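Enquirer: So you can see what is in the structure, the chains are spelled out below.
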Amino acid sequence: MIVFEGAAVSVDGPDGARLILAPLTLELSERRIAVIGANGSGKSTLLKLINGLIPPTAGSVLVAGLDTVKAGRAVRQRVGFVFTDPLSQLVMPTGLEDVELSLRARLRNPTERRTAALAVLERFGLGPLAEQSIYDLSGGERQLMALATVLAVDPAILVADEPTTLLDLRNERRVRSVFRRLDQQVVFTTHDLDFARDSDRVLVIDAGQLVFDGDPGAAIDHYRRMHLEADPLPEHHP
Amino acid sequence: MRGHGSLFGTYVAGDSLLHRTPLWVKGLAVLLLSTSVLVVNLLALTAVAFGLVAVGYLIGARLPPIHLWRPLVPVWPMLVILGGYQIIANGPESALQVVGNITTCLLAARLLTLTTEGQRLLDGLVALAVPFRRLGADPERFGLTLALMTRSLPYLVGSVADVRDAAKARGLERNPRALVIPVVIGAVAYAHQTGEALAARGLGEPNAADPSGPAQTG
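Order-wise, the sequence lines are chains A and B.
Plus 38 on top of the position in the first sequence (first one is 1) and you've got my numbering.
Plus 1 on top of the position in the second sequence (first one is 1) and you've got my numbering.
Calculated directly from the structure, the hints in this document are not laboratory data.
Careful: at least some of the hints might be erroneous.
[Stated by the list, open to error] One-sided and incomplete, this derived list gives chain B residues near chain A with beta-carbon spacing under 10 Å:
#1 S37
#2 L39
#3 W77
#4 Q87
#5 E118
#6 G119
#7 R121
#8 E141
#9 I186
#10 A198
#11 A200
#12 G203
[Claimed, not checked] Derived, one-sided and incomplete: chain A residues facing chain B with beta-carbon distance under 8 Å:
#13 R114
#14 Q127
#15 E169
#16 L175
#17 R214
#18 S215
If you're wondering where the values come from, they're calculated on a predicted model, not measured in any experiment.
Using N, Cα and C, we set each Cβ at its ideal position, and we do this for glycine too.
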């Protein structure tokens with residue numbers, strides 16, 4: 039269970055404090071939760087609050103009853119985070135070594151660690167790519183590899199920031215298929231409204247405010263209407 | 002982003018003699034060889050050391066000859082300038098020795114990383130820092146920092162190549178600002194992203210390597 043208790047984020051600017059995310063009070067308990075909104079609307083900030091990457095400047099965020107600021111380390115052990123660009127996430131030269139890095143904290147024996155890392159990669163169909171340089175993998179393979187490094191430590195919650203944005207259609211479907219099969223609670227941001235439709239609940243964020251919270255169909259309709267009203271397409275003159 | 006080439010190279014899988022040699026033996030050999038060529042200052046010794054390293058590449062590690070000159074590609078302008086200066090200042094023999102010493106040390110260090118898996122290297126670095134735990138050092142963080150440094154070099158080399166191509170495409174290849182500023186901004190962004198990714202995975206946090214392992218929730 040993820041609980042936002044008046045959590046807000048603001049930054050100091052030349053004209054005073056600028057609100058990035060307005061105070062948010064909500065409980066997230068569904069298995070799949072999508073967050074949609076325009077670029078710069080505050081979606082990623084909301085996600086980063088969940089594993090304590092960003093501390094709220096007001097209010098608090100609790101994960102399984104733990105405060106993300108006071109118990110940051112314990113929260114991060116429960117919440118895995120997948121970034122949009124897997125290259126910023128994979129820190130070792132090969133996927134196998136990166137999964138081993140994830141497992142260092144629990145498995146001190148190198149042989150056991152290697153065996154466990156290979157098993158994780160096999161689970162995601164990445165066994166044949168285990169020892170390839172991360173730079174030689176396709177975008178989709180890299181994203182799956184990044185996902186494997188995070189899921190290797192069995193987090194209870196997975197948070198993913200636009201995990202399919204950089205992918206082509208085929209790889210996007212692969213990643214979505216993996217997401218569907220996960221046992222973890224998943225909170226993700228996306229611009230892909232079909233992907234958002236895969237979820238149980240959708241939050242619509244606009245200019246740092248939660249403007250809609252509900253089932254996917256209604257939320258996506260609201261989001262579409264909101265943008266059509268605010269920014270109608272210009273007439274086309276050939 | 003190109004990220005392949007590196008001064009230190011990345012591991013090449015294999016089962017050669019050097020691949021099977023314990024890390025501490027390889028580390029000690031690199032240390033002794035590098036120290037001796039730099040301290041003794043004898044051209045004959047430089048030649049012998051270079052020969053040994055070459056044999057290590059071709060026979061000891063069974064690597065293709067391309068690995069011998071690949072790390073020299075990014076540093077050749079520096080070696081040429083250094084060699085030129087030495088020829089003028091101290092004569093051709095000194096130039097050959099200085100350039101030979103640097104090349105030998107570089108290739109020897111690279112041979113170690115080419116034949117040692119990243120995780121084994123990380124284990125070795127952590128073990129190296131264990132004695133400093135009494136002084137408050139965190140061996141896991143030390144090892145991770147050095148591992149990240151070797152991982153970051155290929156990324157930055159690739160970043161320079163990308164920025165250079167972008168500058169060329171805009172006809173700005175002679176403008177140093179068009180190269181330096183994007184590379185510096187890219188490097189800072191890369192450092193920030195890497196730090197954020199490590200924090201998100203709980204890596205590098207104090208006592209992150211606690212063998213008792215993280216708690217689980219359902």
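Enquirer: Broken hints, numbered, in rising order?
Expert: 1, 2, 3, 4, 9, 16, 17, 18
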